[in-house]
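Chemist: All chains, full assembly: derive it from the sequences and hints.
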Amino acid sequence: MKNTTPILSLIILLVSFSCSFGKRSNDEETPRLIFSEDFSKGLDPEVWVVEMDSTPNSSVYVEDGQLITDTEGGVTVWLNQELEGNYIIEYQRTVMVEEGANDRLSDLNQFWMASDPKQENLFTRSGKFEEYDDISQYYVGVGGNYNSTTRFRKYDGEGERIIIEEKNEPDFLLKPNKTYLVKIEVDNGHISYWMDDVLFFEYEDPQPLSSGYFGFRSTWSRHHIDYINIYALD
Numbered sequence: 001m002k003n004t005t006p007i008l009s010l011i012i013l014l015v016s017f018s019c020s021f022g023k024r025s026n027d028e029e030t031p032r033l034i035f036s037e038d039f040s041k042g043l044d045p046e047v048w049v050v051e052m053d054s055t056p057n058s059s060v061y062v063e064d065g066q067l068i069t070d071t072e073g074g075v076t077v078w079l080n081q082e083l084e085g086n087y088i089i090e091y092q093r094t095v096m097v098e099e100g101a102n103d104r105l106s107d108l109n110q111f112w113m114a115s116d117p118k119q120e121n122l123f124t125r126s127g128k129f130e131e132y133d134d135i136s137q138y139y140v141g142v143g144g145n146y147n148s149t150t151r152f153r154k155y156d157g158e159g160e161r162i163i164i165e166e167k168n169e170p171d172f173l174l175k176p177n178k179t180y181l182v183k184i185e186v187d188n189g190h191i192s193y194w195m196d197d198v199l200f201f202e203y204e205d206p207q208p209l210s211s212g213y214f215g216f217r218s219t220w221s222r223h224h225i226d227y228i229n230i231y232a233l234d
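All residue numbers for the sequence shown refer to my numbering, where the first residue is 1 and numbers rise by one.
Calculated from the structure, these hints are not laboratory results. Just so you know, these numbers come straight off a predicted model, no measurement behind them. Quick reminder that beta carbons are idealized off the backbone N, C-alpha and C, glycines included. Among the hints, a few may not be true.
[What the hints assert, rightly or not] Only pairs whose alpha carbons sit at most 25 Å apart, straight line, appear in this in silico SDA-like list of lysine to any residue: (1) Lys178 - Gly144; (2) Lys175 - Asn57; (3) Lys178 - Arg151; (4) Lys128 - Gly144; (5) Lys167 - Asp205; (6) Lys175 - Gln92; (7) Lys128 - Glu160; (8) Lys167 - Val198; (9) Lys167 - Asp187; (10) Lys128 - Thr55; (11) Lys175 - Leu199; (12) Lys175 - Trp220; (13) Lys167 - Val97; (14) Lys118 - Leu209; (15) Lys175 - Asn145; (16) Lys128 - Met52; (17) Lys118 - Glu158; (18) Lys41 - Asp64; (19) Lys167 - Asp156; (20) Lys167 - Leu105; (21) Lys128 - Gly73; (22) Lys128 - Val50; (23) Lys167 - Asp196; (24) Lys167 - Asn145; (25) Lys128 - Asn80; (26) Lys178 - Asp196; (27) Lys128 - Ser54; (28) Lys178 - Ser36; (29) Lys41 - Met52; (30) Lys167 - Leu181; (31) Lys175 - Val60; (32) Lys175 - Glu72; (33) Lys128 - Ile68; (34) Lys167 - Tyr203; (35) Lys128 - Asp103; (36) Lys178 - Leu105; (37) Lys118 - Gly85.
[As the list claims (entries may be wrong)] Each pair of labels, with its calculated beta carbon distance range: (38) Glu131 - Glu82: 15 to 23 Å; (39) Pro208 - Thr55: 30 to 38 Å; (40) Lys178 - Lys118: 36 to 44 Å.
Modeler: Structure, rendered in structure tokens:
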């Protein structure tokens with residue numbers, strides 16, 4: 001049975017979120033929920049596309065109402081719903097460090113606004129990280145390289161992975177078994193990435209990406225993911 005504490009926390013968050021947006025002027029965007037997932041009904045392959053490196057002891061599954069990526073190699077779990085325009089993505093995520101074979105404090109990563117300039121179908125890769133180099137997308141990797149680097153990149157779709165900003169201080173690295181609230185906001189070329197209400201990255205993109213897919217990304221580690229909500233900013 002799921003712990004109800006995260007649900008209560010989410011309700012409080014949504015109330016405060018709604019109140020904060022209620023202070024906006026009439027010509028500013030207001031949030032509208034367009035997708036929500038708590039994995040209470042398992043992992044729907046029509047909704048989620050798993051790309052996982054063919055390494056041993058690797059799996060992606062739902063248990064106790066949480067999405068679990070437990071892999072020795074690379075893995076991407078795509079939301080099979082193209083997003084466009086302005087929006088906010090929020091979700092909870094924990095990097096598990098106990099006694100699991102793949103437990104390692106590293107790589108709380110994600111892609112968004114992802115598209116393949118060469119073909120319409122994005123979901124053609126095996127999970128190996130280098131296979132995503134030619135995608136057009138934004139990427140944040142928190143606690144990469146054995147929890148030593150946190151980077152925000154923009155991929156140009158031609159193999160260049162441009163580092164927008166990097167923060168490697170302890171406050172921007174991972175803590176084991178801590179559940180983070182992750183927030184990504186796209187608003188007219190203004191890109192921001194938050195964890196637990198702490199702003200990690202902020203960027204005004206002069207050539208912003210306008211549509212694409214969102215995906216959870218990681219490698220050699222075990223992650224618990226839950227309570228995904230996506231809001232359109234109309």
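Chemist: Work down the list of hints and note, for each, if the structure agrees.
Modeler: Structure-based check of all given hints:
This hinted pair checks out: Lys178 and Gly144 have alpha carbons roughly 16 Å apart, not beyond 25 Å. In summary, the hint linking Lys175 to Asn57 is supported, as the alpha carbons are separated by about 24 Å, within the 25 Å threshold. Between Lys178 and Arg151, the direct Cα distance comes to roughly 20 Å. Compliance with the 25 Å bound is thereby established for this hinted pair. At most 25 Å may separate the alpha-carbon atoms for a hinted pair to count; Lys128 and Gly144 meet this at roughly 15 Å.
Pair hint Lys167 plus Asp205 holds up; C-alpha atoms about 19 Å apart against a cutoff of 25 Å. For the proposed pair Lys175 and Gln92, the alpha carbon gap of about 14 Å is at most 25 Å, so the pair holds. Annotation: proposed proximity of Lys128 to Glu160 holds, straight-line Cα distance about 17 Å (limit 25 Å). Using a Cα cut-off of 25 Å, the hinted pair Lys167 and Val198 holds, with the two alpha carbons roughly 13 Å apart.
Pair hint Lys167 plus Asp187 holds up; C-alpha atoms about 22 Å apart against a cutoff of 25 Å. For the suggested pair Lys128 and Thr55, the alpha carbons sit about 10 Å apart, so the restraint of at most 25 Å is met. Taking the CA atoms of Lys175 and Leu199, the gap is near 17 Å; set against the 25 Å cutoff, the hint holds. Annotation: proposed proximity of Lys175 to Trp220 holds, straight-line Cα distance about 16 Å (limit 25 Å).
For the hint pairing Lys167 with Val97, the CA-to-CA distance comes to about 23 Å; that is within 25 Å, so the pair holds. About 16 Å separates the Cα atoms of Lys118 and Leu209, which keeps this hinted pair within 25 Å; it holds. Using a Cα cut-off of 25 Å, the hinted pair Lys175 and Asn145 holds, with the two alpha carbons roughly 14 Å apart. Restraint check: the Cα-Cα separation between Lys128 and Met52 comes to about 7 Å, which is no more than 25 Å; the hinted pair holds.
Taken as a hint, the Lys118 and Glu158 pair is honoured in the structure, with Cα atoms around 10 Å apart against an allowance of 25 Å. With a CA separation close to 10 Å, the supplied pair Lys41 and Asp64 stays within the 25 Å bound. Of the supplied pair hints, the one linking Lys167 and Asp156 holds, its CA atoms being roughly 21 Å apart against a limit of 25 Å. Straight-line distance between C-alpha atoms of Lys167 and Leu105 comes to about 17 Å, which keeps the hinted pair within the 25 Å bound.
The suggested pairing of Lys128 with Gly73 holds, with an alpha-carbon distance near 7 Å, which does not exceed 25 Å. Distance check on the hinted pair: Lys128 and Val50 sit about 12 Å apart at the alpha-carbon level, within 25 Å; holds. Between Lys167 and Asp196 the alpha-carbon distance is near 16 Å, which keeps this suggested pair within the 25 Å criterion. The suggested pairing of Lys167 with Asn145 holds, with an alpha-carbon distance near 13 Å, which does not exceed 25 Å.
For a cut-off of 25 Å, the pair hint linking Lys128 to Asn80 stands: about 19 Å separates their Cα positions. At most 25 Å may separate the alpha-carbon atoms for a hinted pair to count; Lys178 and Asp196 meet this at roughly 11 Å. At roughly 9 Å between alpha-carbon atoms, Lys128 and Ser54 fall within 25 Å of each other, so this suggested pair holds. Annotation: proposed proximity of Lys178 to Ser36 holds, straight-line Cα distance about 22 Å (limit 25 Å).
A threshold of 25 Å between alpha carbons decides the hint, and for Lys41 with Met52 the separation of about 22 Å falls inside it, so the pair holds. Of the supplied pair hints, the one linking Lys167 and Leu181 holds, its CA atoms being roughly 18 Å apart against a limit of 25 Å. Proposed proximity of Lys175 and Val60 is supported: the alpha carbons are some 22 Å apart, at most 25 Å. A threshold of 25 Å between alpha carbons decides the hint, and for Lys175 with Glu72 the separation of about 20 Å falls inside it, so the pair holds.
Using a Cα cut-off of 25 Å, the hinted pair Lys128 and Ile68 holds, with the two alpha carbons roughly 18 Å apart. Between Lys167 and Tyr203 the alpha-carbon distance is near 14 Å, which keeps this suggested pair within the 25 Å criterion. Taking the CA atoms of Lys128 and Asp103, the gap is about 19 Å. The hint holds against a cut of 25 Å. The suggested pairing of Lys178 with Leu105 holds, with an alpha-carbon distance near 11 Å, which does not exceed 25 Å.
For the hint linking Lys118 to Gly85, the alpha-carbon distance of about 22 Å falls within 25 Å, and the restraint holds. A hinted range of 15 to 23 Å holds for the C-beta pair Glu131 and Glu82, which are about 20 Å apart. Pro208 and Thr55 have their C-beta atoms about 35 Å apart, which keeps the hinted 30 to 38 Å range intact. Distance hint check: the CB atoms of Lys178 and Lys118 are about 39 Å apart, consistent with the given range 36 to 44 Å.
Checked against the numbered hints given earlier, this structure breaks none of them.
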